[in-house]
Every structure is written in structure tokens, then in C-alpha cells.
Amino acid sequence: METSYETIIIGGGVVGSSIAYHLSERNKEGIVVLDKKFPLSGTSGSTQAWVWVHNKTPSWYAEFSMYSAELYPYLSKKIGDVEYKRTGGLSPFFSELDREKAERLAEAYEPIGIKIKVLSREEALEKEPSLNPDIVGATYSSIDGNVNPFRLVDRYMRAAKKNGVQYSTYNKVTEIQKLPGKFIVRAEKGRFECKNLVLAGGTWSRELGKLVEVTIPINQLRGQILVTEPLKPFLNYTISGLRQAFNGEVLIGYSMEEEGFNRATTLDVIQETANMAIHYVPSLRKAKVVRAFSGIRAMPEDGFPILGKIPGVENLYVAAMHSGVTLSPLVGTLMTELILDGETSIPIDRYSISRFA
Amino acid sequence: MDKSTIICRCEEISLEEIVEVIANGARTFDDIKRLTRCGMGPCQSKICNCLVAGVIHEQTGMEFHQIPLPRMRMPISPIKLETLATNSTTFSSVKSVLDEVELEDGKVK
Ligand SMILES: Cc1cc2nc3c(=O)[nH]c(=O)nc-3n(C[C@H](O)[C@H](O)[C@H](O)COP(=O)(O)OP(=O)(O)OC[C@H]3O[C@@H](n4cnc5c(N)ncnc54)[C@H](O)[C@@H]3O)c2cc1C
Ligand code: FES
Chain A
1 METSYETIII GGGVVGSSIA YHLSERNKEG IVVLDKKFPL SGTSGSTQAW VWVHNKTPSW
61 YAEFSMYSAE LYPYLSKKIG DVEYKRTGGL SPFFSELDRE KAERLAEAYE PIGIKIKVLS
121 REEALEKEPS LNPDIVGATY SSIDGNVNPF RLVDRYMRAA KKNGVQYSTY NKVTEIQKLP
181 GKFIVRAEKG RFECKNLVLA GGTWSRELGK LVEVTIPINQ LRGQILVTEP LKPFLNYTIS
241 GLRQAFNGEV LIGYSMEEEG FNRATTLDVI QETANMAIHY VPSLRKAKVV RAFSGIRAMP
301 EDGFPILGKI PGVENLYVAA MHSGVTLSPL VGTLMTELIL DGETSIPIDR YSISRFA
Chain B
1001 MDKSTIICRC EEISLEEIVE VIANGARTFD DIKRLTRCGM GPCQSKICNC LVAGVIHEQT
1061 GMEFHQIPLP RMRMPISPIK LETLATNSTT FSSVKSVLDE VELEDGKVK
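Protein chains in written order, with our numbering: chain A, 1 to 357; chain B, 1001 to 1109.
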């Protein structure tokens, strides 16, 4: 294998693979993705994969997410069917207090172009008849949807390879050395050299940062998901909490636990998740669960993406975030601009790692 | 085995599809599962598990004892949501997205 590259991307999840693909659209040579296991073995293979915008806060983060969601239709044209569906997103609520929040949210997001409707109980039930009749209302936006994360990463990877990107998998990076004008990257399967280095290690970003003596403040936040048997299509929208996939399975879950890298599933959270499912959509009571899985979110200390150049180290970049499925089309696009042109079409200063300094 | 032989009956995945993803770098049952859905059916790979291990062995030369087993996930056989549920509507680990929207002076933070 050749060992000298223009750009090395460490991490082949949805974030690293999107960067590799977008970069390869303009730069056909000299890109390699290194992954300690295989793409999808990390968080990108254990996610809900909503493409979600409408109740992200604050408004600038929602706006950033919206730009990414808007790239999805074009992306699926380019890389192939990723089962992206802009279903529209519904967030049901059960209290008047939440209606108050919802109204304020709709007002605040109108000027940035995110249209949120605050639905009455009747309107919500008309849209999604399976919802619990005890709801008080729901927020709705047509911008939200979901995607098949397995297909998404597979398609990014295939499209990138077609453009000449190499993937070197089961190849953990163990050492990084910065020399003038280049990096020496040592991995299990050998030594690599590059000009540009992108750290896209997801939930392992903190460890990766240590190799270059940079603190990347990413923590772990576990989420557990239940998957039902395939059911006939009956949910019209992506509901925050559950969604029905193309093949009819319903994926249920929105749990958060600080459990480090422990990917176990636990009975207490499974029970709570089952309660949530039935609370939102009572007819799910009779549906059978065939699988439970858990994933470890890459959660930046302040919740927002860590994106861009790493100050002080020439040609070193980082892209680590939660909601990487939603954000991957935009992040891939902007990181490509940053690496090749030195600037981005949408400002990303807000997301710089320097904010933690 | 013919290349159109079905390896995973639940998800109707053929030998050819599995060979293709191994050629693309997949090495473990879980890699293959995520890329093809092989093993994600109602039997949760109880039927296709050994067949897949055989294909990995044949295609990569990996010894059987080196091939990791698929991660077995709860529930071991399908179970109704109502059986898992406790009918409580107080949540701790499970959140609602509106919990994350906070108001300050009557405005969204
Ligand atoms: C339960 C759950 C639900 C979620 N729901 C959503 C959702 O609905 N919508 C949404 O947008 N997002 C959601 N997310 C978040 C989303 O899945 C992640 O933000 C995204 O998958 C992160 O992608 P990534 O590429 O950064 O990480 P990963 O997919 O984890 O990729 C990182 C890669 O880096 C590799 N790596 C790490 N260290 C090294 C090393 N030293 N050498 C070589 N390789 C290395 C790993 O092997 C891994 O493949 C959810 C997450 C969870 C857990
Ligand atoms: S035969 Fe493969 S999951 Fe059942």
C-alpha cells in the first residue's frame, strides 16, 4: 500500500465518510480513511437517524441543522438511495406548559425560515391518528425526516471509493507526529504520511486528541433503542421518540445515560422506552420487539459540534459532534471548502474548538 | 453453494451479497449485518449465524475461532411491548425533545 497521502481522515463513520466523499468530489487523489474497526461499528451504526431540525436550540444551531437537512435530496441523487424520507416531524406534548414553549419556539424560528406549526390536539390526531388521544398538542415541521444510517454510510463509502478514496480498516491509529509540513501517522498496519489530517473519531475523539496533545472535549452519552417486527405502514411522520423505517420496523427510543463506553442494554431503560412508545402510540402495545440495541453518543461538553481547524497545529482539523447523521451532508461540504479553499461558505467560527480554551 | 443461495432466510440475503461486502472489507458478522441486514430478521441470526461464519472463513481464510460471534441482543425471542411496559408515565432516562427547549424571560434560550 502507498503510504504518503494528501489527506488522512481518522474515523470512517458518517462524519468521516461524508468528509471523504465530499473531498473526493473535488480532489480525486491522495485521500485515505483509517478506521480502527469498520465504518458503522461506531455510533453511526447504532442510531435513530432522524434528520431533525425543528426543535433544536438555540436558533443558530437549528438553522445550521436546517441547511444540512436541505442538502439531503441532492445528496441522495448523487450517492444513491439512502432511504431518506422527508416525512415531516411531530413532537407531541402532554402539558399546557409545553404548549407555551412550543408557541415561543414557533415565533422565534419564523424569521430564520423554519416553519413550525403548533397543532391542537385535534389537528395532531388528524395528521397522525395513531397518537395517544390524551395528548394536548404537538409541534410540527415539514423539514424533518429520517434516513437509513447503514445505507447512508455505505453509499458515502462506495461513492468515495469510486472517486479514488482508499479505506484502511481494522487499522487503529496509535501515534501521531507533527513534522514541518507533514504528519506521520502510526497505525496497527503501518506508517502513513500526510499533509492534512482530519480527526473524525466520534465518541473516541478525546483519545484521538491526546495523540496530538489537544483536548477534544467529547463525552459519552448512551442511548438505548427498541426495534419492533415489521408492521404495516401506519406512522405518517417522524415522531420525536419513534419512527417507522421503510421495511416497517418501528425504532423507539430517546434515552440518555452517562455510562462511558458501556454498550449494554438494560431492562430498566428498555421498560421506560416501552412505556414511552405506548404513551405516544397506544396501538404499539401489541407490537413485538425483536431487538434492542444501544449506542454511545459523541457528546461535546456544551452540546454543539466541534468543527474546523485546530489552532496552533497547521493542517490539523477536527469534526466531532452529536447529530452527525443530520449534519453530515453540511459538515462534509464545509470541511471540504475549509481544507481546499481555506474558508467556508457558511461561517463555522462558532463551532471552533477554540471556544473551550 | 450457488451464488444465489439464500444465506439469511429471514431477510432473504444471498451468498452473492455477503461475498460482495466481504470484498469491500467487512470482516465480522456485525459488519455484514449492518451492510446487508443479514441477521436482523425475526430469528436474530439463530439460523444464519453458522452459515455466515462459513462464508467469512471461505472468503478471508480467517479461522472459525477467530470470527467473533454476533452480539446477542435482548430480547432473545420476540416479546410484546405491553409485556415489557410497566404502564408508568414518569420518565427519567427517557426524555422528550421539548424538555430540551428552555424558556428564559418568556423567550426560547
Ligand atoms: C441512540 C442514538 C440515537 C441517535 N439519534 C440520532 C438522530 O436521530 N439523528 C442524528 O442526526 N444523530 C443521532 N445520533 C448521533 C449520531 O448517530 C452520531 O452523531 C454520528 O453517528 C456520529 O458519527 P461519527 O462519524 O462522528 O462517529 P462514529 O460513527 O462513531 O465514527 C467514528 C469512527 O472513528 C473510528 N476511530 C476512533 N478512534 C480511532 C483510532 N484511534 N484509529 C482509527 N479509527 C478510530 C471508530 O472506529 C469509528 O468508526 C444518535 C446517537 C445515538 C447513540
Ligand atoms: S436467518 Fe438471518 S436473521 Fe433469521
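Please keep in mind that the hints were generated in silico from the structure rather than gathered at the bench.
Only a predicted model underlies this, so the values are computations on that prediction, with no experimental measurement involved.
Even for Gly, the Cβ is constructed at its ideal location relative to N, Cα and C.
Incorrect hints may appear among the rest.
As the list claims (entries may be wrong) - Derived CB-CB ranges, DEER-like:
id, chain 1, residue 1, chain 2, residue 2, range
1, A, Asp134, B, Lys1095, 33 to 41 angstroms
2, A, Pro282, B, Glu1100, 18 to 26 angstroms
3, B, Lys1107, A, Lys127, 24 to 32 angstroms
4, B, Gln1066, A, Thr174, 15 to 23 angstroms
5, A, Glu110, B, Glu1016, 46 to 54 angstroms
6, B, Lys1095, A, Pro129, 48 to 56 angstroms
7, A, Arg26, B, Thr1090, 46 to 54 angstroms
8, A, Ser120, B, Glu1100, 17 to 25 angstroms
9, B, Leu1103, A, Asp134, 19 to 27 angstroms
10, A, Glu70, B, Asp1002, 25 to 33 angstroms
We went through each hint and held it up to the structure:
One distance hint, 33 to 41 angstroms for the beta-carbon pair A/Asp134 and B/Lys1095, is violated here, with the actual separation near 19 angstroms. In this structure the supplied range 18 to 26 angstroms holds for A/Pro282 paired with B/Glu1100, their Cβ-Cβ distance being about 25 angstroms. The hinted window of 24 to 32 angstroms between B/Lys1107 and A/Lys127 holds, with their beta carbons roughly 28 angstroms apart. Roughly 21 angstroms separates the CB atoms of B/Gln1066 and A/Thr174, a value that falls within the hinted 15 to 23 angstroms.
The hint said 46 to 54 angstroms for the Cβ distance between A/Glu110 and B/Glu1016, and at roughly 52 angstroms that hint holds. With their beta carbons about 25 angstroms apart, B/Lys1095 and A/Pro129 fall outside the hinted range of 48 to 56 angstroms. In this structure, A/Arg26 and B/Thr1090 meet the distance hint of 46 to 54 angstroms, their C-beta atoms being roughly 52 angstroms apart. Checked against the hint of 17 to 25 angstroms, the C-beta distance between A/Ser120 and B/Glu1100 comes to roughly 23 angstroms, which is consistent with it.
Between B/Leu1103 and A/Asp134 the CB atoms are about 24 angstroms apart, so this pair conforms to the stated range of 19 to 27 angstroms. Between A/Glu70 and B/Asp1002, the C-beta spacing of about 45 angstroms breaks the proposed range 25 to 33 angstroms.
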